[in-house]
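**Q** Residue numbers (this note's numbering), protein chains in the order written: chain Z, 1 to 129; chain H, 1001 to 1129.
Mixed in with the good hints there might be a few duds.
[Said to hold, decoys possible] Okay, derived cross-link-like pairs now, SDA-like style, lysine to any residue, Cα gap no bigger than 20 Å in a straight line:
id	chain 1	residue 1	chain 2	residue 2
1	H	Lys1048	H	Pro1015
2	H	Lys1026	H	Ser1006
3	H	Lys1026	Z	Trp27
4	Z	Lys26	H	Arg1063
5	H	Lys1026	Z	Arg72
6	Z	Lys62	H	Ala1110
7	Z	Lys62	H	Arg1041
8	H	Lys1055	Z	Asp21
9	H	Lys1048	H	Arg1066
[Unchecked claim] Here chain H is said to cover these stretches of chain Z; the calculated rule only asks that three of the stretch's residues, wherever they fall, bring their Cβ under 8 Å from a Cβ of chain H:
id	stretch
10	6-15
11	19-33
12	40-53
13	63-73
14	80-94
15	99-105
16	110-119
In case anyone wonders, no lab produced these hints; they're calculated from the structure.
Positions of the beta carbon are idealized from the N, C-alpha and C atoms, including for glycine.
There are 2 protein chains.
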Amino acid sequence: MPAAPSWNAYASECPTRMVLDRIADKWTVLILGLLGQQPWRFNALLRKIEGLSQKVLSQTLKRLERDGLVRRTVFPTAPVTVEYSLTPLGGTLADSLASLIRWAEENIDAVLAAQHRFDGQHDAGDRPA
Amino acid sequence: MPAAPSWNAYASECPTRMVLDRIADKWTVLILGLLGQQPWRFNALLRKIEGLSQKVLSQTLKRLERDGLVRRTVFPTAPVTVEYSLTPLGGTLADSLASLIRWAEENIDAVLAAQHRFDGQHDAGDRPA
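The following block holds chain Z by itself, in its conformation from the complex:
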């Protein structure tokens, strides 16, 4: 690694490509979107994000903790309470991701209309690039 690296997500060997692959993931976006609002317990996240399995939630939270984006706090209640929250680093990412969710919710009508038009105009056949 050079002493003063110039990161470039378009280079396949650049670690930023790995990070981008990590955060450009539907579940990651939805989880960090919620943690940007407040800390959440594991089971509350699981209930809130429909279609997300316990296994994938567990794996995703562990990855995010390893990446320094999420903090896992254990409270010595009985039974033990585990809460997930954003780290300061995770907080810097949450705004960008929240804007992606907003974009999807605000522009879904336009996307669905475009798909309808496209399907009416095109055959299923391939075209040259």
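Given chain Z's structure and the hints, the job is docking chain H onto it.
**A** Structure of chain H alone, referenced to chain Z:
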């Protein structure tokens, strides 16, 4: 579909979930990041984005065209020239995505350091959620 739908990306049946899945994709982020700067020819995109195959680029561009985010323009040169650019709808998304790429490039050092700390502190074993 209700007359005045309230979209919610956290509901598994909501179409916004599909859109989020579509745009939360590494190649989509990288492609729209470039198209946000200028129009690009197919082969120039292929050369610029290392690791991206011709097949995946072709599929991704066609999906983005169908979603109304990318415009495909054919110029009657010999051989034919095909150029890809953002639609106005695609332009509204490009800013959010560019900020994700910037985030990855600016924060990769912090992420790599966090991973190093995490790996030093944790065993490979599973923990309760």
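**Q** It remains to establish, for every hint, whether it holds in the given structure.
**A** Okay, the hints, checked on the actual structure:
The hinted pair formed by Lys1048(H) and Pro1015(H) fails the criterion: a straight-line CA distance of about 32 Å is larger than 20 Å. Between Lys1026(H) and Ser1006(H) the CA atoms are separated by roughly 28 Å; this puts the pair beyond 20 Å, and the hint is violated. Of the pairs offered as hints, the one joining Lys1026(H) and Trp27(Z) holds, with about 14 Å between alpha carbons and a cut-off of 20 Å not exceeded. Simply put, Lys26(Z) and Arg1063(H) have alpha-carbon atoms about 17 Å apart, close enough for the 20 Å limit, and the pair holds.
With a C-alpha separation of about 27 Å, the suggested pairing of Lys1026(H) with Arg72(Z) is violated against the 20 Å cut-off. At most 20 Å may separate the alpha-carbon atoms for a hinted pair to count; Lys62(Z) and Ala1110(H) meet this at roughly 17 Å. With a CA separation close to 40 Å, the supplied pair Lys62(Z) and Arg1041(H) exceeds the 20 Å bound. Among the hinted pairs, Lys1055(H) with Asp21(Z) is consistent with the structure: their alpha-carbon atoms are about 19 Å apart, no more than 20 Å.
With a C-alpha separation of about 23 Å, the suggested pairing of Lys1048(H) with Arg1066(H) is violated against the 20 Å cut-off. With 8 residues having a beta carbon nearer than 8 Å to a beta carbon of chain H, the stretch 6-15 of chain Z meets the requirement of three or more and the stated coverage holds. Residues of the stretch 19-33 of chain Z with a Cβ under 8 Å from some Cβ of chain H number 11, which satisfies the need for three, so the listed coverage holds. Residue count for the stretch 40-53 of chain Z with a Cβ under 8 Å from a Cβ of chain H: 5. That meets the three needed, and the coverage hint holds.
A count of 5 residues in the stretch 63-73 of chain Z with a Cβ less than 8 Å from any Cβ of chain H is obtained; the coverage claim is therefore met, three being the minimum. For a cut-off of 8 Å, the count of residues in the stretch 80-94 of chain Z with a CB near a CB of chain H stands at 5, and the three-residue condition holds. Check result for the stretch 99-105 of chain Z against chain H: holds, 6 residues qualifying (beta carbon to beta carbon below 8 Å, three or more required). Coverage of the stretch 110-119 of chain Z by chain H holds in this model, with 9 residues showing a Cβ closer than 8 Å to a Cβ of that chain against a need of three.
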